[in-house]
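*Asks:* Sequence:
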Amino acid sequence: MKFTWENTSTTPMKVKTLLTAHGVTRSLLKKVKFHGGAILVDDQPVLAIHMLTGGESVTMVTPDEVGNDFLGVSELPIDVLYEDRDYLIVNKPAGVASVPAHRLPDNTLANRVKGYYRAQGYQNEVVHITTRLDRDTSGIVLFAKHHFAHSIIDRELKTHAMRKMYLAVVSGTLPNAHGWFDQPIGRAEGSFIKRTVTPTGRASLTEYWVVKRLKNMTVVRVRLHTGRTHQIRVHFAAAGHPLVGDSLYGGPSHPAIDRQALHCMQLSFEDPFIDHTLTTFAPLTPDLVRLIQSESH
6 MKFTWENTST TPMKVKTLLT AHGVTRSLLK KVKFHGGAIL VDDQPVLAIH
56 MLTGGESVTM VTPDEVGNDF LGVSELPIDV LYEDRDYLIV NKPAGVASVP
106 AHRLPDNTLA NRVKGYYRAQ GYQNEVVHIT TRLDRDTSGI VLFAKHHFAH
156 SIIDRELKTH AMRKMYLAVV SGTLPNAHGW FDQPIGRAEG SFIKRTVTPT
206 GRASLTEYWV VKRLKNMTVV RVRLHTGRTH QIRVHFAAAG HPLVGDSLYG
256 GPSHPAIDRQ ALHCMQLSFE DPFIDHTLTT FAPLTPDLVR LIQSESH
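Count the sequence shown with the numbering used here and you get residues 6 to 302, in order.
It should be emphasised that the hints constitute simulated quantities derived from the structure, not laboratory data.
For clarity, every value in this text was computed on a predicted model and none was experimentally measured.
C-beta atoms are modelled at their ideal positions from N, C-alpha and C, and glycine is treated no differently.
Check the hints yourself; a few may be wrong.
With a straight-line cut-off of 30 Å between C-alpha atoms, the simulated DSSO-like cross-links for lysine-lysine are [claimed, not checked]:
1) Lys36 <-> Lys21
2) Lys199 <-> Lys220
3) Lys38 <-> Lys19
4) Lys21 <-> Lys38
5) Lys19 <-> Lys35
6) Lys163 <-> Lys35
7) Lys7 <-> Lys35
8) Lys19 <-> Lys163
9) Lys199 <-> Lys163
10) Lys38 <-> Lys163
Label-pair distances were calculated between CB atoms; the ranges are [what the hints assert, rightly or not]:
11) Phe197 <-> Gly245: 20 to 28 Å
12) Thr58 <-> Trp214: 46 to 54 Å
13) Arg90 <-> Pro110: 24 to 32 Å
14) Val216 <-> Phe278: 13 to 21 Å
15) Ala43 <-> His183: 45 to 53 Å
Sequences and hints are given; from them, build the entire structure.
*Replies:* Put into structure tokens, the structure is as follows:
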């Protein structure tokens, strides 16, 4: 795969300096150097320490990525929301794990994406999952289709530049139209799965807006400013408003839904390959629509 940039600077610099400025990581440069890639300046092969003086065309050729045989292939379909050369954005249904685990070794979303890649005849079958959702949370999951795209997203996640918006239905009535939870989250004592608000946890910031107040529930739009495990579920439970259907955190059950009422509805990030903000939406699931309609005044 080829990526080309024009060097518009007149200040002398090494090729690797320009590549780093465009998001190329050290690990990717090593793969290019040692695993069959190349760096070209005006179509001539050079080393990463080659000096640029201005006006050159710089191309990075990345090597093919060898697939992981430990990740099995599932032929179950995926709901593709967006796809281009660099990214695949999928609408994950509730009840499907994002990645394999000891108790769920196959038929996860990652297995299905690998099956999709194979069915499409893609040369690169490496599955780079860059965002994840809990098994019973529905909505948008982002996959990078190569190492470079993955490193770009990792950088956005570290700087909190990516914007993820969720829709949730929480128990009770929230008094304020807009609010924040700024509380650290860590593992709950004695549990491998459950999380809790704790002074020894990691900094966690959640922002919400009330969309609609139901009979004894509130529909909220939620933005994560950090990405802790179960963050939305933990913060609302700690505030006394656990998500409807969230049995792990004390949420009330409801006949319209058999899982936590949480859906990743929007994802936005800066895509340098197309040079603009890429925004994707996932429609609400039927169970969430039923829940909201059944409890509307």
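*Asks:* Lys36 and Lys21: Cα distance at most 30 Å?
*Replies:* Holds, at about 13 Å.
*Asks:* Keeping to a limit of 30 Å between CA atoms, is the pair of Lys199 and Lys163 held or broken?
*Replies:* 24 Å, holds
*Asks:* Kindly confirm whether 45 to 53 Å is satisfied by the beta carbon distance between Ala43 and His183.
*Replies:* Roughly 51 Å apart at Cβ, these two residues keep to the hinted range, so it holds.
*Asks:* Does Lys35 sit within 30 Å of Lys7, going by the straight-line distance between their CA atoms?
*Replies:* This hinted pair holds, its Cα atoms lying about 16 Å apart.
*Asks:* Can you confirm whether the C-alpha distance between Lys38 and Lys19 stays at or below 30 Å?
*Replies:* 15 Å, holds
*Asks:* Are Lys19 and Lys35 close enough, with their CA atoms no more than 30 Å apart?
*Replies:* Judged against 30 Å, a Cα distance of about 16 Å means the pair holds.
*Asks:* For Val216 and Phe278, compare the CB-CB distance with the range 13 to 21 Å and indicate the outcome.
*Replies:* 33 Å, violated
*Asks:* Check the following: the C-beta atoms of Phe197 and Gly245 are separated by a distance inside 20 to 28 Å.
*Replies:* With a Cβ separation near 25 Å, Phe197 and Gly245 satisfy 20 to 28 Å, so the hint holds.
*Asks:* Holds or violated: Lys38 with Lys163, Cα cutoff 30 Å?
*Replies:* 26 Å, holds
*Asks:* With 46 to 54 Å as the target window, see if Thr58 and Trp214 comply at their CB atoms.
*Replies:* 51 Å, holds
*Asks:* Just to be careful, I want the Cα atoms of Lys19 and Lys163 compared with a cutoff of 30 Å; is the pair within it?
*Replies:* Holds, because 26 Å separates the two Cα atoms, which is no more than 30 Å.
*Asks:* Taking 30 Å as the top limit, are the C-alpha atoms of Lys199 and Lys220 close enough?
*Replies:* At roughly 29 Å apart (the allowed maximum being 30 Å), Lys220 and Lys199 satisfy the hint.
Against the hints set out earlier in the document, a violation occurs for number 14 only.
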